[in-house]
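Enquirer: Sequence:
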Amino acid sequence: MARIYDCSVDTDLLTGMRLARQAVGRGEVVVIPTDTVYGIAADAFNPQAVQRLLDAKGRGRDAPPPVLIPGQSTLDALADFVPDVVRRLVDEFWPGGLTVILVAQPSLVWDLGETRGTVALRMPANSYALELLAETGPLAVSSANRTGEPAAASAEDAVAQLGESVEIFLDGGAAGGAASTIVDASRVTAAGGRVRIVREGAVTRAQIQHLIGDELEPVVQAPSESADDASGPEAADETSDSEPALVPDEPATPRGTASGAERGDRVPEPAAPADPQAGPTYPAFVEPDAQRASDAQPASEEPQASAEPPADPPAHPR
Numbered sequence: 001m002a003r004i005y006d007c008s009v010d011t012d013l014l015t016g017m018r019l020a021r022q023a024v025g026r027g028e029v030v031v032i033p034t035d036t037v038y039g040i041a042a043d044a045f046n047p048q049a050v051q052r053l054l055d056a057k058g059r060g061r062d063a064p065p066p067v068l069i070p071g072q073s074t075l076d077a078l079a080d081f082v083p084d085v086v087r088r089l090v091d092e093f094w095p096g097g098l099t100v101i102l103v104a105q106p107s108l109v110w111d112l113g114e115t116r117g118t119v120a121l122r123m124p125a126n127s128y129a130l131e132l133l134a135e136t137g138p139l140a141v142s143s144a145n146r147t148g149e150p151a152a153a154s155a156e157d158a159v160a161q162l163g164e165s166v167e168i169f170l171d172g173g174a175a176g177g178a179a180s181t182i183v184d185a186s187r188v189t190a191a192g193g194r195v196r197i198v199r200e201g202a203v204t205r206a207q208i209q210h211l212i213g214d215e216l217e218p219v220v221q222a223p224s225e226s227a228d229d230a231s232g233p234e235a236a237d238e239t240s241d242s243e244p245a246l247v248p249d250e251p252a253t254p255r256g257t258a259s260g261a262e263r264g265d266r267v268p269e270p271a272a273p274a275d276p277q278a279g280p281t282y283p284a285f286v287e288p289d290a291q292r293a294s295d296a297q298p299a300s301e302e303p304q305a306s307a308e309p310p311a312d313p314p315a316h317p318r
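Numbering (the UniProt record's numbering), first residue to last: 1 to 318.
Just so you know, these hints were derived from the structure itself, not from any lab. Among these hints, one or two may not hold up.
Computed Cβ-Cβ distance ranges for the label pairs, DEER-style [as the list claims (entries may be wrong)]:
(1) G148 with G25: 43 to 49 Å
(2) D214 with R61: 44 to 50 Å
(3) E135 with P218: 40 to 46 Å
(4) R18 with P150: 27 to 33 Å
(5) V220 with T147: 16 to 22 Å
(6) P150 with R3: 43 to 49 Å
(7) A2 with G148: 18 to 24 Å
(8) R88 with E156: 36 to 42 Å
(9) G27 with G163: 15 to 21 Å
(10) Q209 with R3: 42 to 48 Å
(11) P47 with P218: 34 to 40 Å
(12) A190 with G25: 24 to 30 Å
(13) G25 with D62: 43 to 49 Å
(14) G173 with Q22: 22 to 28 Å
Small disclaimer: the values here were computed from a predicted structure and weren't measured. A virtual CB, placed ideally from N, CA and C, is assigned to each residue, including glycine.
With the sequences and hints as input, model every part of the structure.
Expert: If you want it as structure tokens, here you go:
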């Protein structure tokens with residue numbers, strides 16, 4: 001039976017956080033508030049839990065969820081390489097509405113779906129979400145709704161859609177509703193490369209341009225429809241003259257300590273080499289339902305998890 005815990009009430013907050021932490025540890029899914037929309041969350045390092053998340057939403061492995069993290073230090077544990085330009089972006093916009101797509105640490109033992117070696121990462125600007133993340137470690141999180149239905153802006157909305165699949169709901173009040181801006185930095189290396197905006201949302205293109213200048217890939221073709229009108233994984237907010245980066249075909253030496261190892265229950269092991277003919281999965285990370293939820297919002301709202309590239313990209317975003 002679905003149980004809602006009001007985070008504005010101290011006793012509910014303590015009980016709800018404890019039960020949510022325990023549920024995540026058992027491989028169950030929970031619903032949490034974020035600064036965008038309500039999210040359904042699972043232990044990112046538990047493949048069965050991630051599958052439960054996908055099943056609850058009624059979506060396939062071709063749409064892997066983004067990963068919410070408690071702080072910038074986790075970025076180095078989960079990403080194979082964090083370019084300087086990304087550090088400047090997260091210094092400026094985290095915690096907040098910016099999702100960054102990077103090549104994932106190839107030694108990590110996890111299975112988010114068909115990511116083809118990338119991961120979409122974000123640090124949310126929500127105290128309840130951050131409190132839970134500090135105790136559980138990285139969480140795979142997707143909008144708390146059935147695929148094709150509006151994203152949940154309240155705990156009650158989430159219960160109405162997911163009450164049969166989820167037992168613990170943390171109620172943090174009305175969600176912001178704006179999806180995060182998604183940027184793809186999976187092509188950026190120590191030798192150079194530019195960041196690509198996959199979808200514009202809570203953080204505007206102008207803000208990013210002001211911060212990183214010509215390290216942002218320019219738009220070469222106007223989109224046929226606005227980000228607020230677009231929906232589904234086919235919707236890309238911008239197009240460019242360059243193809244998405246290819247995922248390295250050989251595992252690299254891990255940088256930093258994997259979050260799972262920090263918790264003592266994960267032992268990194270080499271991952272299977274990625275197909276060198278496959279491009280990054282940033283399109284699959286897009287959360288179309290969250291985008292629909294932000295249709296009524298101003299253009300500066302957040303598109304959720306990850307967007308899809310222009311037509312006919314190489315096979316291959318929370």
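Enquirer: That 42 to 48 Å hint for Q209 and R3 (C-beta), does it hold up?
Expert: With a Cβ separation near 45 Å, Q209 and R3 satisfy 42 to 48 Å, so the hint holds.
Enquirer: Taking 15 to 21 Å as the stated bounds, is the beta-carbon spacing between G27 and G163 within them?
Expert: With a Cβ separation near 19 Å, G27 and G163 satisfy 15 to 21 Å, so the hint holds.
Enquirer: So does R88 sit 36 to 42 Å from E156, Cβ to Cβ?
Expert: holds (39 Å)
Enquirer: Is the gap between the beta carbons of A2 and G148 within 18 to 24 Å?
Expert: About 21 Å separates the Cβ atoms of A2 and G148, which means 18 to 24 Å holds.
Enquirer: Please test the hint of 22 to 28 Å on the beta carbon pair from G173 and Q22.
Expert: Once the Cβ atoms are compared, 23 Å apart, the range 22 to 28 Å for Q22 and G173 holds.
Enquirer: If I claimed the Cβ atoms of R18 and P150 lie 27 to 33 Å apart, would that claim hold in this structure?
Expert: holds (30 Å)
Enquirer: Taking the Cβ atom of G148 and the Cβ atom of G25, is their distance within the range 43 to 49 Å?
Expert: Check failed, 31 Å falls outside 43 to 49 Å.
Enquirer: Determine whether the Cβ-Cβ distance between V220 and T147 falls within the hinted range of 16 to 22 Å.
Expert: Check failed, 32 Å falls outside 16 to 22 Å.
Enquirer: Given the range 34 to 40 Å, decide if the beta-carbon distance of P47 to P218 lies inside it.
Expert: This hint holds: roughly 39 Å between Cβ atoms.
Enquirer: Hint says 40 to 46 Å; check whether the CB-CB distance for E135 and P218 agrees.
Expert: Because 42 Å falls inside the window, the suggested range holds.
Enquirer: Take the C-beta atom of D214 and the C-beta atom of R61, compute their distance, and say whether it sits inside 44 to 50 Å.
Expert: violated (37 Å)
Enquirer: Between A190 and G25, is the Cβ distance one that fits in 24 to 30 Å?
Expert: This hint is violated: roughly 38 Å between Cβ atoms.
The structure shown violates the earlier hints numbered 1, 2, 5, 6, 12, 13.
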